[in-house]
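K.L.:
Could you put together the complete structure from these sequences and hints?
The lines below spell out each chain.
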Amino acid sequence: MLVRQVDGYIKIFMKGNNSLNTKYLNPYVAGMLLGLILLSAFYFTGRGLGASGAMKSVVTSTLNTIAPNHTSNSEYFAKYVADGKNPMNSWLVFEILGVVLGGFLSGAFAGRLKLKVEHHPFITSNKRIALALSGGVLFGFGSQLGRGCTSGSALTGMAVFSLQGFISMIAIFGTAFIFAYFFRKNWIGG
Amino acid sequence: MIEEIITSGRMNHEIDPQLHIWGWEIPLYLFLGGLVAGILILSGVFYILGREERYPFTIKILPIVTPLLLSIGLFALFLDLSHKLYFWRLYTIIRWNSPMSWGAWTLMAIFPLSILWSVTWLEDLKPQWFNNYKWLHSSLDLLRKYRQKLAMIMVFFSLILGMYTGILLSAFNARPFWNTAILGPLFLVSGLSGAAALVVLFSKETREKKIFGRIDLLLITIEIFLLIHLFMGFLSGTQVHIEAAKMFLGGPYTTFFWVFIMGFGLVFPGILEFMELRKFKVPTAIPAILVLIGGLLLRIIIVDAGQASRWLY
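Residue numbers (our numbering), protein chains in the order written: chain A, 5 to 194; chain B, 25 to 337.
Just so you know, these hints were derived from the structure itself, not from any lab.
Incorrect hints may appear among the rest.
[Said to hold, decoys possible] From the derived model, a few chain A residues whose C-beta atoms are all more than 12 Å from chain B:
| id | residue |
| --- | --- |
| 1 | Y32 |
| 2 | V33 |
| 3 | L40 |
| 4 | L53 |
| 5 | A55 |
| 6 | V63 |
| 7 | L67 |
| 8 | I70 |
| 9 | H74 |
| 10 | S78 |
| 11 | N93 |
| 12 | F113 |
| 13 | R116 |
| 14 | H123 |
| 15 | I133 |
| 16 | A136 |
[To be verified] Below are the DSS-like pairs computed for lysine-lysine, each with C-alpha atoms no more than 25 Å apart in a straight line:
| id | chain 1 | residue 1 | chain 2 | residue 2 |
| --- | --- | --- | --- | --- |
| 17 | A | K120 | B | K305 |
| 18 | B | K169 | B | K158 |
| 19 | B | K228 | A | K120 |
Note that CB positions come from ideal geometry on N, CA and C, so glycine has one too.
P.N.:
Written out as structure tokens, the structure is:
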């Protein structure tokens, strides 16, 4: 009886399949856990989560190494290197390092560590990579125009009841929903 | 009134408040020296234990790179010298109380030993290279008879080499962060761990990789233990040592040390190797590469932090 009960709980945790070896967590459970992580980030660090900020630090410090004059003359980049500040000295950079470590461990636990490109059989790996790269570039621009990405602006914003957070969320997912129509053939074929 | 002129090292801006003597050369040399010591110890010890067939890469192949690694390390050391043409003066005297003298003489012993050890194995692996050199062939045959004794002498000197890379720093009383006896064993264990990582990285034998992954995990655990004791020792020392430890516990070296050396260089590869032991599929190269990078970073940060640590008055 107890065994069956425990198995039932595990089934809720693990998406769909009835075996213990399912590879992915139930998305609803994962979402709630993410919320708890956000809560604990507020508790421990006094700030919410972010992701694009780490990328921005990497870009800024790369630019600052190659072309320091350009960096300090640019209105956008200058504030991150003002007074000899090191843009890499940001907690988001370390948060993302942690994400990489955690993701790697989680992949190892689930036996999913393999170098591969996931794509629909109708498109090639190269096309998938090209689309992902261009999508990423657009999202990078968008996140800087909107002062934050899904994590920093939408997720963290909504958690503190910022109106901007809700608007970000609606804009990001609403636009994605509309544009999915045009790009659906890359994923569902036919 | 009698005027007295006091000359002290503390008037030298290169010395006080912070040493600016050692750049990248010394940490690189300490890393390569430790790695060579680790490789030769593993090779020699497992040879003495008669594991030639089980661990062929560790015993026969890996030591072949040691003369090269040692040359690179010594070249870095040479670059660091201010009076490069006078390096031979180290060999005009034996000073029992100078770690630098110990190091110089140990290197004098270990360098030829590593060459002899590698060459005998090289002939076993590639006999065709030696076909045209009959005299070499016969002298190597003679040497091969004494392999067991050679291994013992080599392990002895390798242990000294591995320890001395740390003692060199810890004998420097004027810099509190270096002034701890743990540096010797710490660098020795770190060198051994790097050598085991090289076996995991390059060996083709699955069984050998697996065993050395375990050995590496054990060495990583010892290294973490030693590092924790390093800080415990400092914190229970004088105010000077407490201040030295504080550079890593909230001071300027905190993030670099705890994230990149303790995290990425020891704990994370340790977890990965442990997971691999528990039959999870982990690419073994990743922990091995992290351990090697961590070993180099450890030398860099210890050399740098030592120069920054100072007496308080």
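K.L.:
All hints are to be evaluated individually against the structure, with a verdict given for each.
P.N.:
Hints, verified against the model:
1. Y32: holds (26 Å)
2. V33: V33/A is indeed farther than 12 Å from all Cβ atoms of chain B, at 22 Å.
3. L40: holds (22 Å)
4. L53: Nearest chain B Cβ is 18 Å from L53/A, so the label holds.
5. A55: A55/A is indeed farther than 12 Å from all Cβ atoms of chain B, at 18 Å.
6. V63: holds (20 Å)
7. L67: holds (22 Å)
8. I70: I70/A clear of chain B: closest Cβ-Cβ about 22 Å, beyond 12 Å.
9. H74: holds (27 Å)
10. S78: S78/A is indeed farther than 12 Å from all Cβ atoms of chain B, at 27 Å.
11. N93: violated (8 Å)
12. F113: For F113/A, whose nearest Cβ neighbour in chain B is about 6 Å away, the distance does not exceed 12 Å, so it is violated.
13. R116: violated (9 Å)
14. H123: Holds, since 22 Å exceeds 12 Å.
15. I133: holds (21 Å)
16. A136: Given that every Cβ of chain B is farther than 12 Å from that of A136/A, nearest at about 23 Å, it holds.
17. K120/A x K305/B: holds (15 Å)
18. K169/B x K158/B: Holds, at about 17 Å.
19. K228/B x K120/A: holds (24 Å)
When the structure is compared with the earlier hints, violations turn up for hints 11, 12 and 13 and for no others.
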